[in-house]
Amino acid sequence: MEAEEFIEKLKELLGRNLLEYHIGRRNRVFVKVKNGYHRDVVSWFQEMQAHLSVISSVDLGDELELVYHFEIRPLEVGLKTSASKAKPHIETISDIYPSAAWYEREAMEMMGIVVVNHPDPRHLFLPDDYTEFPLRRY
Amino acid sequence: MDMVVQFGPQHLALAEPERFKVHTEGEKVVDVEVAVGYNHRGIEKLAERKTFEQDILLVERICGICSMSHPVAFTQAVEDIAGVDIPERANYLRMIIAELERIHSHLLWAGIAAEIIGIETLFMYIWKDREYVLDQLEIITGNRNHYAWNTIGGCRKDITEKHIPPLLTALEVVERRTEYYIDAFLRNRTIRARLVGTGILPREDARKLCTVGPTARASGYAVDVRKDDPHLAYDKVDFAEIVLGEGDNMARAKVRLLEILESVKIIRQAAKAIKGLPEGDIAVPVAEIPPGESVGRYEAPRGEVFHYVKSNGTFYPERVKVRAPTYSNIQAVPTMLMGDTLADVPISLASIDPCFCCTDR
Amino acid sequence: MFEKVVNYCRKKSPWLLHVSCGSCNNCDIEVLAALAPRFDVERFGGVLKPNPRHTDILVVTGIMTLKMTNVLKRLYEQTPDPKAVVAIGSCAITKGIFAETYASYGPADAVVPVDAYIPGCPPRPQAILHGVVTALNALWGG
Amino acid sequence: MFPYRWPVLIRVSAVRIGDLMDVQPFISVLIVPGLLFTSVMAFLYAGMYRKVRARMQNRRGPPFVQPFYDFIKLLSKDSIKPEKSGMLFTWAPIIALASVLIVPILFPIGGLSFAGDLIVVIYVLNVSAIMLAVGGFSSGSPFGAVGGSREVTQLFAYELPLAISMVAVAVKASSFSLVGIAGAQEAGGMFFYQLPFACIAFLSIIPAKIGLQPFDIPEAEQEILGGPFVEYSGYRLAIFTFANQVKYFVVISLAVILFFWRNWWQFLITGFLLWLLFIFVKIISARVKTDQSFVFFWQYMGILALVDLVRVVI
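Heads up: the sequence lines are chains A, B, C and D, in that order. One point on numbering: in our numbering, the residue at position 65 of the first sequence is 65, and numbering is uninterrupted. Each number in our numbering comes from the position in the second sequence (counting from 1) with 1000 added on. Each number in our numbering comes from the position in the third sequence (counting from 1) with 2000 added on. Each number in our numbering comes from the position in the fourth sequence (counting from 1) with 3000 added on.
Derived from the structure by calculation, the hints contain no laboratory data. Note that the Cβ used here is the ideal one computed from N, Cα and C, for glycine as well. Don't take every hint at face value.
Claimed, not checked - Pair ranges (Cβ atoms, derived):
no.: 1; chain 1: D; residue 1: 3082; chain 2: B; residue 2: 1314; range: 51 to 61 Å
no.: 2; chain 1: B; residue 1: 1196; chain 2: D; residue 2: 3186; range: 29 to 39 Å
no.: 3; chain 1: A; residue 1: 96; chain 2: B; residue 2: 1083; range: 31 to 41 Å
no.: 4; chain 1: B; residue 1: 1002; chain 2: D; residue 2: 3186; range: 48 to 58 Å
no.: 5; chain 1: C; residue 1: 2113; chain 2: A; residue 2: 72; range: 51 to 61 Å
no.: 6; chain 1: B; residue 1: 1002; chain 2: D; residue 2: 3295; range: 22 to 32 Å
no.: 7; chain 1: C; residue 1: 2082; chain 2: B; residue 2: 1272; range: 51 to 61 Å
Unchecked claim - Taking lysine-lysine pairs in the DSS-like style, the calculated list, with each CA pair at most 27 Å apart, reads:
no.: 8; chain 1: C; residue 1: 2011; chain 2: D; residue 2: 3084
no.: 9; chain 1: D; residue 1: 3081; chain 2: C; residue 2: 2049
no.: 10; chain 1: C; residue 1: 2083; chain 2: C; residue 2: 2049
no.: 11; chain 1: C; residue 1: 2073; chain 2: C; residue 2: 2011
no.: 12; chain 1: D; residue 1: 3081; chain 2: C; residue 2: 2073
no.: 13; chain 1: D; residue 1: 3084; chain 2: C; residue 2: 2004
no.: 14; chain 1: B; residue 1: 1208; chain 2: A; residue 2: 9
no.: 15; chain 1: B; residue 1: 1021; chain 2: D; residue 2: 3051
no.: 16; chain 1: A; residue 1: 87; chain 2: B; residue 2: 1254
no.: 17; chain 1: B; residue 1: 1128; chain 2: A; residue 2: 32
no.: 18; chain 1: C; residue 1: 2083; chain 2: C; residue 2: 2073
no.: 19; chain 1: B; residue 1: 1028; chain 2: D; residue 2: 3084
no.: 20; chain 1: B; residue 1: 1236; chain 2: A; residue 2: 32
no.: 21; chain 1: D; residue 1: 3051; chain 2: C; residue 2: 2011
no.: 22; chain 1: C; residue 1: 2004; chain 2: B; residue 2: 1021
no.: 23; chain 1: B; residue 1: 1275; chain 2: B; residue 2: 1227
no.: 24; chain 1: B; residue 1: 1227; chain 2: B; residue 2: 1254
no.: 25; chain 1: D; residue 1: 3051; chain 2: C; residue 2: 2004
no.: 26; chain 1: A; residue 1: 34; chain 2: A; residue 2: 11
no.: 27; chain 1: B; residue 1: 1275; chain 2: A; residue 2: 85
no.: 28; chain 1: C; residue 1: 2049; chain 2: D; residue 2: 3084
no.: 29; chain 1: D; residue 1: 3081; chain 2: C; residue 2: 2083
no.: 30; chain 1: B; residue 1: 1208; chain 2: B; residue 2: 1028
no.: 31; chain 1: C; residue 1: 2073; chain 2: D; residue 2: 3051
no.: 32; chain 1: C; residue 1: 2049; chain 2: B; residue 2: 1021
no.: 33; chain 1: C; residue 1: 2073; chain 2: C; residue 2: 2004
no.: 34; chain 1: D; residue 1: 3051; chain 2: B; residue 2: 1128
no.: 35; chain 1: B; residue 1: 1275; chain 2: B; residue 2: 1162
no.: 36; chain 1: C; residue 1: 2049; chain 2: B; residue 2: 1128
no.: 37; chain 1: D; residue 1: 3081; chain 2: B; residue 2: 1227
no.: 38; chain 1: C; residue 1: 2049; chain 2: C; residue 2: 2004
no.: 39; chain 1: C; residue 1: 2073; chain 2: D; residue 2: 3084
no.: 40; chain 1: A; residue 1: 85; chain 2: A; residue 2: 32
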């Protein structure tokens, strides 16, 4: 499935909520989705047996962004959602992809994103009494 | 008697600190709790404070025994952002060192696995033969590990004509010895008694938990970045992707040992191809890095290394996200250990070839 | 005279415990390579022991990460006297390339008293052996 | 060391090596097959073990006298007694050492001997194995407890074939004393070709009894950090390791006496050769699990020993 075809499918699925997309070299695709709609995109990926590589968290200044990296055989998709720094709530996808639980725990402790109804939101890498969020830049 | 046995942060079987709380009834494992974070050095924060050039050396020190995989993934991501195509010879150079590192890393794992199930002699033999590969790496790159081989836009050093003959003789020795070790692992009755049938990871779980590398390939889930997303010069050399189905410890051992033979084949083809290319043009100067983001992927000995780099136009990266193969393989450990006895726990843990310093960054 | 004999025996049979506190596992693998046939540490009587009760020399690698520091302190207290600590690799000596990280309490000597430093990233197995042997001579050589 | 008033009821048997008036029991207890000779042989066996193992792994390996250095060094270290551990924590190694040192006194090379000393040997060797388990349990650490329970299960595993093969030899030599068995072999030729199955059964038990691969499950260093030895340090650990090293020598020479006896100097040589064989077996085999060792001993070795016992009785 080529990049353009993948974007068309996403447009029908999401319509206006597909904020922006960008096709890079060596079929890397980055797609920005409004917060809350990323769960149905992820369940569509799951039907296509996509491989979840990692979830990275980025600090955009006034917003905190989560990038879900999937590998759908020829494509390397980066699904992005973001939430404001004041109320950084993003839905969990660990019920669809069990291995996402750890990546979300890391995003929570490093960037301060609150993942809603996460199975066990403890610290992963940092000791439990570590309070600030080291990866925040601004 | 229900007991909690803790394979603590400091354990002979684990070269690095990681804590596994194993709940057992008698000697049968009931539940496993994994605690990571003992090796967390805050590399992602450091990466944002160093320039791209310095980051290559920092990223190389995420993991000592796969110290070629992180720089390759990182530089590929940055080269994608900068829109630079590195010269043909640089691709081959990186691939030769990468495959040499895969050989010494798989040999390292085979030795430690033999040590854990009790055969110390096999550990000594394997690590003696691993020194041949390390000598070649030292002759070519100057250091046994931490080769400082990459720069953005190509390589820093070159493999000249006089490096090739000793490299090929060393490969002969390694190939002959690996066949002997494959024979030893498959035919020795006591090794079979310990490895066959323990630590089973079914294919469905391997796919659901998104495991990578030999751990996934041994369970039948064919994931190999060299084939799926060809980088470096892997599409110009032919090699077999080894996928087995049993998913137990012996299958993982077989996958790694057979991959050594594949790597030897790859290096031979690359060494032949390098003779044709002009010596010297190994790097393309990269003036500045435009704002953008990209993903660098590379098939490390343990699995897929994943680098997500985001740049903001300056000479410092905005965000560097690193995901090491053990980060996803370690989540498959509880399903592997369920039902095994306490004696199988260390060998099953070691069978995913854990590299905790990569996991914790 | 008796003291000389005991010190000689201590020098001749150093039992090692390898503690990795947040290293990039290159120094750990070089410590294991020192056991391999090419740089055999058993020539000097050295054996890698599983727990602190049986050991005399603590081989420490890595920057002291947040979680691993009190583990190292406990291991140090569990080791019976007379004992020695050898810090291996530039991470254990000066935190090396991870100097400005937030996740470390400082190099090895900020946590446990260190007797010998072996610089290098990674130090070669010969350097590790040389460091351990000189530490032995300095402590119990006489 | 030994109580001066040795119990008078022991019948002093005929002396093989020269007649040494009535000081002979002290010599045989303290020097010849007794304490001094055994400890020297134990250190030699252990040193040989480490040197040959290293040589087989093409390493240089430690000097021959390395176990002596380790012993003195361990004695000089301070010994930590965990507060959770019981009183037996200190006595377990001492009893283990004492029980193992009794066996060589009964050896036919000039040692004491009385009617039923084969039974004493079986009993005493078991005491030292149980003391290892007791040491593990009393150390208060979960690894020690697991090591202790493994030691006990392994004891049950290899006890059956051991007892049967010894009884087969005793019935063949029609005497329950080591001197009697040795005498029978000197007269009628070595037992190992007359009782081949019992010999195989006995030789296969030895790695389990000593704690060598493939059956050194109790002291599995990688899995349970040294099993029963996990909390021991200082002089207590020195005594325990010395007891283990003496057990190497004792069990090997017991095998030589029961099956390969001709005369006393051949006894020493065969002991070393047999020890080389076991070091080789240790080197090429991995450590099996408890249930696998149980199956191995009860099914295969038990039946072999039984076959020979039946053959001898009929």
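### Query
For the pair residue 3082 (chain D) and residue 1314 (chain B), does the Cβ-Cβ distance stay inside 51 to 61 Å?
With Cβ atoms ~58 Å apart, the hint holds.
### Query
Does the structure keep residue 1021 (chain B) and residue 3051 (chain D) at a Cα separation of 27 Å or less?
violated (37 Å)
### Query
When you check the alpha-carbon spacing of residue 2049 (chain C) and residue 2004 (chain C), does it fall within 27 Å?
holds (25 Å)
### Message
With the threshold set at 27 Å, check whether the alpha-carbon distance from residue 2073 (chain C) to residue 3084 (chain D) stays at or below it.
### Response
holds (21 Å)
### Query
Does the alpha-carbon distance linking residue 3051 (chain D) and residue 2004 (chain C) stay inside the 27 Å limit?
holds (26 Å)
### Message
residue 3081 (chain D) and residue 2073 (chain C) were given as a pair; does the straight-line alpha-carbon distance stay at or below 27 Å?
### Response
Holds, because 19 Å separates the two Cα atoms, which is no more than 27 Å.
### Proposed proximity, residue 3084 (chain D) with residue 1028 (chain B) (alpha carbon, max 27 Å)
Given that 27 Å is the threshold and the Cα spacing comes to 26 Å, the pair holds.
### Message
What's the verdict on residue 2049 (chain C) and residue 1128 (chain B), does the C-alpha distance respect the 27 Å limit or exceed it?
### Response
holds (21 Å)
### Query
Is the straight-line distance between the alpha-carbon of residue 3081 (chain D) and that of residue 2083 (chain C) 27 Å or less?
Measuring from Cα to Cα gives roughly 17 Å; hence the hint holds.
### Message
Does residue 1128 (chain B) sit within 27 Å of residue 3051 (chain D), going by the straight-line distance between their CA atoms?
### Response
OK: residue 3051 (chain D) and residue 1128 (chain B) at ~18 Å, within 27 Å.
### Task
For the pair supplied as a hint, residue 2004 (chain C) and residue 1021 (chain B), confirm whether the alpha-carbon distance does not exceed 27 Å.
Distance of about 45 Å is beyond 27 Å: violated.
#### Entry: Range agreement (Cβ of residue 72 (chain A) with Cβ of residue 2113 (chain C), hint 51 to 61 Å)
holds (55 Å)
In summary, the structure is inconsistent with hints 2, 8, 13, 15, 16, 17, 20, 22, 27, 31, 33 and 37 from the numbered list given earlier, while agreeing with the others.
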